[in-house]
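**Student:** As a plain string of letters, each chain reads:
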Amino acid sequence: MHGLLGKVLQYGLVLWVALSVNFLLPRAMPGSPLPYLVGEEVGTLAPERLDEIRALYGLDRSLGVQYLDYLGDIVRGDWGRSFQLGMPVAEAIRERLPWTLLLVGSSLLLSTVFGVVAGAIAAWRRGGRFDAASLAGAIVVDALPSFWIGMLAIAVFAVQFGWFPTFGATTPAGPSGGVAYLADVARHLALPVASLTAASLSGIYLVMRYSMLDVLGQDYVRSARAKGLSERRVLMRHAVRNALLPVSTLLFLNLGFLVGGATVIETVFAYPGVGTLLYQAVLSRDYPVLQGAFFVLTVSVVLANALADAVYPLLDPRVRRGAT
Amino acid sequence: MKRAARILSSSSIVVTIAVAAWLVLGGASPAQAQEPGTLRLAIPGDEGSLTPYTYVTGYPGYELMSLVFDTLLRMDPELRPRPWLATSVEIEPGEGEPGEDDVVRYRVRLRDDVRWHDGERFDADDVAFSFDYYRTHVMSRFTSAAERVARIDVVGPYELRLELGAPDATFEEAVLADLPMLPEHVYREIDDPRAVREAVGTGPYRLTQIEAERFYRFEANPAFWGAEPTLTTIIVPIIRDETTTFQALRAGEIDAAARALPPASVAAFEAAPNLEVARGSSFATTLLLMDVTRPELSDPAVRRAIAAAIDTRRLVEVLLLGAGTVGAPGFLHPATPFANPETAEPAPLDRDAVRAELEQAGYTLGRDGVYVGADGARLGFELLAPSNNPTRLRAAELIAQDLAAVGIDADVRSMEFDALTEKAWPGFDVSRGRDYQLAVFGWSAPVNARANLLGLLHGDPSLGTLNLSGYADPEVDALTVAATRATDPDERAELLARVQEIVARDVPFVTLFYPQGAYAYRPDAYDGWVYMAGQGILNVHSFLAR
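Chains A and B are the protein sequences, given in the same order. For the first sequence, position 186 matches number 185 in numbering that gives the first Met the number 0, and the numbering has no gaps at all. For the second sequence, position 280 matches number 279 in numbering that gives the first Met the number 0, and the numbering has no gaps at all.
A few of these clues could be false.
To be verified - Computed, partial: chain B to chain A, Cβ under 7 Å: (1) Thr-135; (2) Met-138; (3) Arg-213; (4) Asp-428.
What the hints assert, rightly or not - Derived coverage of chain A by chain B (criterion: at least 3 residues anywhere in the stretch with Cβ under 8 Å from a Cβ of chain B; other residues may be distant): (5) 112-122; (6) 261-273.
Hints in this document: simulated from the structure, not taken from any laboratory. The C-beta atom is built at its ideal place from N, Cα and C for all residues, glycine as well.
This is chain A alone, in the form it adopts within the complex:
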């Protein structure tokens, strides 16, 4: 019980620090949101008019007052209105979140499955042809910037072969329901997911491979073989299961960042996710959007960590025993 209270306090502290950083960082950037509040030709306004605008949006108040208001608004669930888009921040995030979850979620799933399988096989057949080829491939792909992978995918599969669309999450003003809509979403999803998976696959592959190599050298694997278990059983029951622990940590970490989107891939494919929203908000000093989006991201990362804390003892009996 005591431990639980401690944990809650610990997460509360983390959340508060993160929220404060979310407030301070955007305001520490040079530049001003004024051109986005009243239009580009802000230079034509008289200085008194500019002061009026600052007052209207509360930008004239001291940082301390703004900070207290910000904390109060977060608690009340009022995230304000985007300086640039004019729409409520919560609505802007809600519109983009499903697309980001679809894109980043599918890619996380695919890269984990492929990464784990490839990493396990490579380690199992260490030094073999597959190991050499996949290791070299993973290191090369890991070094490629993701925007470049995306551009290449567009140039080859969308423009050259015409198999996939070049941009967007759906055909603008295309089918709006039924199988045709699902097909449209899937066609638009293919290249961004493939690019994002390619960009994140090698990380999981490398972790899995090294973790597997480590496990394969352990005594219990030798004992399992000595017991006369089949190779398949040794691989699945003894090696892979234990090697998955570091991968699951990585998975939980990535899970938290799911809602942050994939700014680069979203921008390249004009995918309407949270990543592009954040990027544009940084450029336009859109404080309410930055605060709202980073709040969602913070909460989600903290939750994912809490989840990892809760699930880890179930996965690893050693942790369970150590905790009590």
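Take the given structure of chain A and dock chain B to it, following the hints.
**Tutor:** Only chain B this time, still in chain A's reference frame:
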């Protein structure tokens, strides 16, 4: 049983993959098949709900907003104000009472056959309401324009009188042809116009769908009062990335783009079989700003040397691959109506002459190859360039080379665009001073198109709101003020020509170049484009029958 489960699970995986493959590859054929009368035009960013208070950029946002909202006058493709919602605008013969002969009164007559998109009638009350609303609800571009009108009287249902405190040479283009009219019956109840999501205008197209960060859909307004809309539907997808935009155009997923083609791509798009490129002038300027209030830069001889040392012709050749116009020493683009032909071309590059002039002005070459003034001040400067703009960044590097060749040291420093703006223009308020030495900067097209030399050069910060150099000259102050009051175009041309001569002589900044506009489109989808001088093909005239 176990085996059966395994077979079941593996076969379900196969089925899932097959369905996914069918959905992705077979389900629907690519989007090339489109209805006739539909145009797909990509823009580079979200433009909010495209009302006068919520559009984001001057270009393309204002132009798209202008498909929905009308102005009293409208600039034609050659930048002359023409009747639009107003049928006539006349200056009333002076009935000026003694002591107020400066007052100018305009009589504006309106069309009587205009309806808002929701069916309500448009009349003089809407016009008077719009001016009032812009004055009380700040939107920089429209508030400062509306404030030029001192008083409005509704004379009849379709007739108004506007009173100005003083003659205003750019009143028609900067106010009457710029302010979008607002529907009184909608905005009367609205305190926060930035929350408005529905665009109700009188224009040729209605905005029928907004999908944030994805696309806009416009449809022809069958009840439009003027020339017939040439398209039934305009789909406007948002594609932020430049490369993706033009790949989508090549793949036939869009038919045109608001973005200008990068110079290096123009030839390839001109050669492509299904694409055409419209070329024309662009009035956006790239400048080298100088803080002339600093002692080292307060000497016009030094500024003249900097201007003469920069090979602007090479900048156009190298950076724009020749697709641009060399900056005029007098600032105004040679294709604008008030450009002075005498100050349109920089003198040929002569580095020895530059050095000779510096030496004549009392500068001596230091041991490090950099000139030093009689007071010991070294001609070494920090040159700021925006990191997000490769053209300007490379321009800064070439400028530094050019300056080094005549014994002036410029140290290029790249910084984020907003950070640079904050240094050159703190708080967007010239009266707060400036914190830079040299900077590569730019102005958008309206500064040139409206010959806004008053804003660029006047020494009083309340008038010279764009005077980032801190330049002040009594003669220029008097001439620019006189020019804004000169309603006779010939008189105005004469005054502005004199200002340009002084700019070429005093060099408050160096006008480097104006890029050329090149816009690619698919002629089989739509071929009715009109190139608006200095701006490009995205304007309301492109979407109306001629």
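**Student:** Taking each numbered hint in turn, which are not upheld by the structure, reported in ascending numerical order?
**Tutor:** Numbers 1 and 5, in rising order.
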